[in-house]
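Asker: If you want the building blocks of each chain, they are given just below.
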Amino acid sequence: MVQIEINDVHKRFGQNEVLKGVSLQVQKGEIVAILGKSGSGKSTLLRCINALESVDRGNIAVEGVRVHQNMPKLREFRQEMGIVFQQYNLFPHLTVERNITLAPILTGKIRKGEARELALRTLERVGLRDKLKAYPINLSGGQQQRVAIARCLAMEPKIMLFDEVTSALDPELVGEVLKVMENMARQGMTMVLVTHEMGFAKNVATKVVFMHNGAIREQGTPAEIFNNPRTPELQNFLGNN
Amino acid sequence: MRIVEFSDILALIAALRWTVGLTLIAIALGGPMGLALALMKASRNLVLDGIATAILQLIQGIPLLALLMFFYFGVPVFLGVDIPPLVAVSIAYVVYASVYFGQIWAGSIAAVKQEQWEAGACLGLHKWHQFFYIVAPQAFKISLPASVSFLVQLIKGTSLASVVGFVELARAAQVISAATFQSTLVYVLAASLYFLICFPLTVWSRKLERSLNGAN
Amino acid sequence: MQLRFAQLERFREQFIVGLAGTVELTVICVVAGLLIGLFCAFAYKRGNPRTRKAIYVYVEAFRNTPSLIQLFVFFFLLPDLGILLSPFGAASVALSLYFGAYATEIIRSGMDSIPAAQSEAGACLGLSTYQIYRHIIIGPALRNVYPSLSAQVIILLLGTSLASQVSANELFHAATFVESRSYLSFEVYAVLCAIYFCLVLASKLLMYLFGRLAFRWPTHR
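Protein sequence lines, in the order shown, are assigned to chains X, H and G.
The numbering used here puts the first residue of the first sequence at 1, with every later residue one more than the last.
The numbering used here puts the first residue of the second sequence at 1, with every later residue one more than the last.
The numbering used here puts the first residue of the third sequence at 1, with every later residue one more than the last.
Hints were generated in silico from the structure; no laboratory data involved.
Glycine included, every Cβ here is placed at the ideal spot set by N, Cα and C.
Treat the hints with care, as some may be off.
To be verified - List of simulated lysine to aspartate or glutamate pairs, EDC-like, C-alpha gap at most 20 Å:
| # | chain 1 | residue 1 | chain 2 | residue 2 |
| --- | --- | --- | --- | --- |
| 1 | H | Lys207 | G | Glu120 |
| 2 | X | Lys202 | X | Glu156 |
| 3 | H | Lys141 | G | Asp112 |
| 4 | X | Lys158 | X | Glu182 |
| 5 | X | Lys133 | X | Glu117 |
| 6 | H | Lys141 | H | Glu115 |
| 7 | X | Lys37 | X | Glu63 |
| 8 | G | Lys45 | G | Asp112 |
| 9 | X | Lys73 | G | Glu120 |
What the hints assert, rightly or not - Residues from chain X that face chain G, not an exhaustive set, calculated with beta carbons under 10 Å:
| # | residue |
| --- | --- |
| 10 | Gln79 |
| 11 | Met81 |
| 12 | Phe91 |
| 13 | Ile137 |
| 14 | Ala148 |
| 15 | Arg151 |
| 16 | Lys158 |
| 17 | Leu161 |
| 18 | Ser167 |
| 19 | Leu169 |
| 20 | Leu173 |
| 21 | Val174 |
Next comes chain X alone, as it looks inside the complex (with noise of 0.2 Å):
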């Protein structure tokens, strides 16, 4: 089923015109991990599926449902999709417990009694059980990521969003990140990933999509993209990389 149908999409920042007709359909479960150097547009479109940038011609959908900036209950369809940034934004002042259980309880997913338990449970499906009382300052890059998933996670969205999010991480943290998104993967979520990292693109991913200038140039199986490039864009984009 088609979960996400992203259809001939076109977004301009002041005269830079950032997306240029792009079309994309991410079925349930699916893995899409979405290549491509800065600039090409990536990270936008990837705020565009929910709602954090606007739309200029086109139309993004989900399940069904028209997305945009002022779609009724925005909030709501906000709630089922998790997106996690290249900077984590954790919330600074709160411990990790209430930046995991914050929005299910203001939001009416869960009771205030059961808040513990929910932040339990997900931190166990991140690792990181141990650091309920944390401060998030008092953590590594990696373990800050992987609670800024845990506290998508705590609101059991349908897909997940994730933008370029071992980017910032030093290279041993990024192993551990990577650890938690393939077992999301195995359980059968669905992800969009704009990434640089190639092994999980090959290795997880079901579908990858390379983008150049604002629109996609190439898109199949990783065994596709990896072993048959066909434009010269990303024939020299694989080689670089």
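Since the structure of chain X is already known, use the hints to place chains H and G on it.
Answerer: For chains H and G alone, coordinates are given in the frame of chain X:
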């Protein structure tokens, strides 16, 4: 009882000369004294720093009104001499301005990074030259937003001279208000005059702050 | 040139009543002013251009006019509007609005200092704008501007002395009363200054302790 006339508005504007006058006296005399206090705080000398800090803390811990009363009523009675009202009031404002300017400028000097002093030392400059040529210009720039902002406070503070009968703007408003019984209107007019002077300065202070942050 | 502090003993009650008045006035105006500040800062960030203009006018009007004049305006304006308050009440209204104007500016700049990414993260979790401000922005924002706010509280505390000019019963008013009865000008104003100084010290200590209590999350490793 009469209604407020155009001549009253002119009287209010005329009274501004004392508002401006007191402000200028405070800046002219309080400025250098404030600088002295700031330098005392910036010096490595513990005694000077201590004295300056004590003075700053003391004066910042009492209301301007109390300072005015102290010099206008208290000191003359204590010393047994007659002090002309202008002198007494001026002393109070000079003390007030020197303390708050001193605080601001001491903070600005401290805000100049230690590396700047060290850079001067590496060039072989004597401490005084380090200060004068390297640190002071930077400290001055840093202090501008807060200094202009305090200038606004100072101008507003001159209104307290009315309490001891000094005929600046606030006092003029009181007199006219008593004559016309249209107090609200008169005081709103007086407030508008203060606003016309202070608002441009406030805007300027904000502009200074933005350009300061932009440069950083 | 004798110092006759002992003779002020019989006026002790006036000073105590005045002191209580000052403390009461300060507390009322700080609390009311903070509420005004929180409301206006939020309304300014959230609101339409008309709301923002109104708040801007309010803040600039109170910041660029002397609080003495503000006290006089409210002292005469409120009865004109049919609102009959005691001098203390009128002073409370005037000084609350005065503190509120500064608080609005300070709190608003505090909110601006919080990176947009924080509210973005909150929005992505499905929180409403109010929830984002209440749970994510306000805490860190207030902590960032706590020194400015505390300094403003001290300014207000000292500023309550002006309420004496509209005959509100606070410390300065008590002092002028004692001075007119005792003619001990120097001693009275010396004692007055000493009491204000102690009030300021006590307030600084209280605010420091409150800050430690309210802001408990670590800011560095």
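Asker: Does each hint hold? Answer for all of them.
Answerer: Checked hints:
Restraint check for H/Lys207 and G/Glu120: the C-alpha separation of about 29 Å exceeds 20 Å, so the hint is violated. About 27 Å separates the Cα atoms of X/Lys202 and X/Glu156, which puts this hinted pair outside 20 Å; it is violated. Only pairs whose Cα atoms come within 20 Å are accepted, and H/Lys141 paired with G/Asp112 is rejected, the gap being roughly 24 Å. A C-alpha spacing of about 16 Å is found between X/Lys158 and X/Glu182, which places the hinted pair at or below 20 Å, so the restraint holds.
With a C-alpha separation of about 13 Å, the suggested pairing of X/Lys133 with X/Glu117 holds against the 20 Å cut-off. A C-alpha spacing of about 17 Å is found between H/Lys141 and H/Glu115, which places the hinted pair at or below 20 Å, so the restraint holds. The suggested pairing of X/Lys37 with X/Glu63 is violated, with an alpha-carbon distance near 29 Å, which exceeds 20 Å. Distance hint between G/Lys45 and G/Asp112 is fulfilled; the C-alpha atoms sit about 9 Å from each other, no more than 20 Å.
Proximity of X/Lys73 to G/Glu120 is assessed by CA-CA distance (about 17 Å); at most 20 Å being required, the pair is judged to hold. The beta carbon of X/Gln79 comes within 3 Å of a beta carbon in chain G, closer than 10 Å, and the hint placing it at the interface holds. Using the Cβ-Cβ criterion of 10 Å, the hint placing X/Met81 at the interface with chain G is satisfied: the shortest such distance is roughly 8 Å. The closest approach between the C-beta of X/Phe91 and any C-beta of chain G is roughly 6 Å, which is under the 10 Å cut-off, so the hint is satisfied.
A cut of 10 Å between beta carbons decides the hint on X/Ile137: the least distance to chain G is about 6 Å, and the hint holds. For X/Ala148, the shortest C-beta to C-beta distance to chain G is roughly 8 Å, which falls under 10 Å, so the interface hint holds. Interface restraint check: X/Arg151 against chain G, minimum CB-CB distance 7 Å, threshold 10 Å, status holds. The beta carbon of X/Lys158 is not positioned within 10 Å of any beta carbon in chain G (closest approach about 13 Å), and the interface hint is therefore violated.
At about 9 Å, the closest approach between the beta carbon of X/Leu161 and any beta carbon in chain G falls short of 10 Å, and the interface hint on this residue holds. Taken as an interface hint, X/Ser167 does not check out: its beta carbon lies about 15 Å from the nearest beta carbon of chain G, beyond 10 Å. Checking X/Leu169 against chain G: minimum C-beta separation of about 17 Å lies over 10 Å; hint violated. With a least beta-carbon distance of about 16 Å to chain G, the hint placing X/Leu173 at the interface is violated under the 10 Å criterion.
Taking 10 Å as the C-beta cut-off, the interface hint given for X/Val174 is violated, the closest approach to chain G being about 21 Å.
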